[in-house]
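**Q** So you can see what is in the structure, the chains are spelled out below.
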Amino acid sequence: MPPAIRTQGLTRLYRKAPRRGVPAQEFRAVDGVDLEIQPGELFGLLGPNGAGKTTLIKILCTLLFPTSGTAEVCGLDVVKDCERVRERINMVSGGEPSGYGLLTIREQLWVFSQLYGLSTAEAMSRIDRMLDQYGLAKDAGTKINRLSTGMRQKMNLIRGFMTAPSVLFLDEPTLGLDAHIARQTRDFIRAWMAEDRTRALLLTTHYLAEAHELCDRVAIIHQGRIRACDTPENLVAAHRGDAVFEITLSGLDGQSEALRRDPDMKVSRLDADPAAGHTTVRFSLADDAALPGALSRMAALGGRIVNLSKHEVTLEDVFVKIAGQTIADAEKSSE
Amino acid sequence: MSSLANNLRAARARAWIRVVAANRELSWVFFETFLPAMTTAGYVLVYRALGAPPEFESYVILGGVMTAFWLNVLWGMAAQFFWEKDMGNLDIYMMAPISRMSILLGMAVGGMLGTAIRSVVILVLGIVLFRVQFHLPGLATAFGIFLLAMAALYGLGMMLASLFLLFGRGAQRWVEVAQEPVYLLSGFNFPLASLGRTAAALASAFPLALGIDAIRQTALDSRTGFLPVPVEAAILAGLAVAFFFLARFMLRVMENRAKREGRLTLKWQ
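Protein sequences appear in the order of chains A and B. If you're matching positions, the first sequence starts at 180 in this note's numbering and goes up one per residue. If you're matching positions, the second sequence starts at 88 in this note's numbering and goes up one per residue.
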């Protein structure tokens with residue numbers, strides 16, 4: 180069986196034509212990506228907005244041509260064999276506003292099932308089973324224009340699941356969902372994968388905990404390039420030697436941002452609470468021996484320790500170590 | 088065979104959306120029947136006030152009937168890819184294992200409900216209110232010509248739809264630009280021959296121009312036709328075939344170009 184997904188040197192450039200004295204601009208959205216995902220794998224593509232995740236998915240879904248490199252889905256080239264690739268895939272995006280407001284959930288799903296050659300009887304049987312499974316059965320007759328974000332996303336997931344694709348792409352499936360619906364969504368995803376171990380699922384997310392919880396393997400993508408690729412456990416284990424601390428300081432008086440510029444500290448979270456006069460910082464150091472130096476620099480800024488604790492390394496810390504900034508900071512700098 | 092069946096399923100589903108939506112929001116009945124009927128009646132009254140021969144009133148009625156199909160092609164099919172993109176549905180259609188033509192066919196067929204009702208209302212208005220007389224022996228031929236004209240017209244609409252894959256909102260502006268001149272060149276409200284031979288020959292590339300002209304000659308027994316009916320029918324058949332293949336070609340070319348330039352699923356353009 181060929182890999183579910185294989186890319187080699189996959190690159191996508193966006194060019195902006197020159198205009199009124201502004202020279203032509205080129206943006207490398209995906210830059211030499213090599214990936215191999217096996218059938219049965221739930222693979223996470225982890226990175227901030229603008230990292231190239233959606234561009235990569237659009238290439239794999241035959242919606243965009245790569246500028247160079249190759250991409251295969253189920254052993255089929257996404258450019259040359261796009262018709263056959265389409266028979267094997269489906270894609271759902273988070274926050275997707277698709278559908279027709281005057282149709283009901285059940286009608287809408289039937290319409291989309293007809294694009295994949297399902298007979299009406301087969302389609303309705305799958306739709307009803309999944310509506311029931313995902314707690315939407317009682318809302319089957321609700322019109323799309325009356326759905327909450329969570330209900331709409333459940334419907335979208337059923338749209339992707341019901342055609343039983345060999346490879347399913349989920350682009351930020353929990354974007355904008357509250358914690359309860361996001362958890363249900365993750366449960367749906369796991370249940371769908373467990374039904375058939377030949378399926379593959381490529382999920383993009385910028386929620387690190389979600390990737391850790393769901394994925395068999397994750398790739399960290401930043402500025403269009405894959406920076407690391409392994410199981411979440413191995414990625415974390417590779418950085419286990421790092422010393423991760425969380426410290427709460429008082430007395431920084433607006434100097435908290437200076438901590439981000441500390442040469443030894445990789446800050447993965449910085450929450451300033453001006454009302455309480457406290458700043459909480461999560462950071463990693465090369466080893467424990469670097470802690471006294473870091474603490475003395477904090478003291479030099481006027482910081483007084485309220486609380487200090489040592490933590491296990493998480494994917495968030497790994498991302499900061501690899502990308503040199505937090506996901507939130509990477510998103511700010513790409514805007 | 089299975090591919091054909093899948094494409095027909097997709098077309099049926101896309102048509103079904105139109106029919107269901109129309110039944111659930113009935114306000115269109117007023118806008119698609121009463122208002123166009125008023126416009127058509129206005130033209131008839133102008134001819135009547137000028138003392139034009141009664142057959143000119145019949146021209147206007149037939150023109151009004153056919154206008155509905157042209158507007159359905161323009162806004163119900165050609166521009167529809169733009170709206171689908173805007174609604175977030177285009178990705179879903181474009182990555183589905185079906186022909187883009189089946190989606191466009193579904194849009195066209197689904198839009199026929201509203202179009203047919205609009206046409207019938209104008210026809211009834213013409214017969215009941217303005218006493219339009221039809222040449223009964225020519226009606227079967229007229230219906231055949233109508234089908235040929237529709238095949239060519241919807242092929243043209245599919246070609247126009249391909250522009251929306253690439254240009255989005257920009258293509259919409261071009262369709263708006265095309266709308267009014269077509270009213271002139273197609274002779275919706277006057278005989279095509281009155282444009283003069285050169286202009287009429289150029290206008291013949293637009294299927295409705297010859298379609299309306301041939302239908303007038305057969306259904307109204309008009310003597311003001313531009314070309315003999317068999318010639319017009321042959322040209323319409325040629326246009327139908329040519330537009331079908333051109334549409335297929337252009338849909339493929341424009342989709343590939345849009346995928347290369349990254350515009351296929353880019354919203355708000």
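None of these hints come from the bench; they were simulated from the model. Ideal placement from N, C-alpha and C gives every residue a C-beta, glycine not left out. Do not rely on the hints blindly, as some may be mistaken.
[To be verified] Sample of chain A residues with no beta-carbon within 12 Å of chain B, all distances over it, derived: (1) Met180; (2) Arg199; (3) Pro202; (4) Gly280.
[Claimed, not checked] Partial pick of chain A residues on the chain B-facing surface, computed with a CB cut under 8 Å: (5) Ile268; (6) Met270; (7) Leu281; (8) Tyr295; (9) Met372.
**Q** Against this structure, judge whether each hint is valid.
**A** These are the hints, each one checked on the structure:
The Cβ of A/Met180 sits about 20 Å from the closest Cβ of chain B, beyond the 12 Å cut-off, so the non-interface label holds. Listed as a non-interface residue, A/Arg199 keeps its Cβ farther than 12 Å from every Cβ of chain B; the least gap is roughly 19 Å. Every C-beta of chain B lies more than 12 Å from that of A/Pro202, the closest at about 19 Å, which supports listing it as non-interface. Not every CB of chain B lies more than 12 Å from the CB of A/Gly280, the least distance being 9 Å, so the non-interface label is violated.
Hint status for A/Ile268 relative to chain B: holds, with the closest Cβ pair at about 7 Å, below 8 Å. Nearest Cβ of chain B to the Cβ of A/Met270: about 6 Å, under the 8 Å cut. The hint holds. Below 8 Å, beta-carbon pairs count as interface contacts, and A/Leu281 has one with chain B at about 5 Å; its hint therefore holds. Checking A/Tyr295 against chain B by beta carbon gives a least distance of about 6 Å; that is within 8 Å, so the hint holds.
Taking 8 Å as the C-beta contact cut-off toward chain B, the hint placing A/Met372 at the interface is violated, the least distance being around 21 Å.
In this structure, the earlier hints numbered 4, 9 are contradicted, and the remaining ones agree with it.
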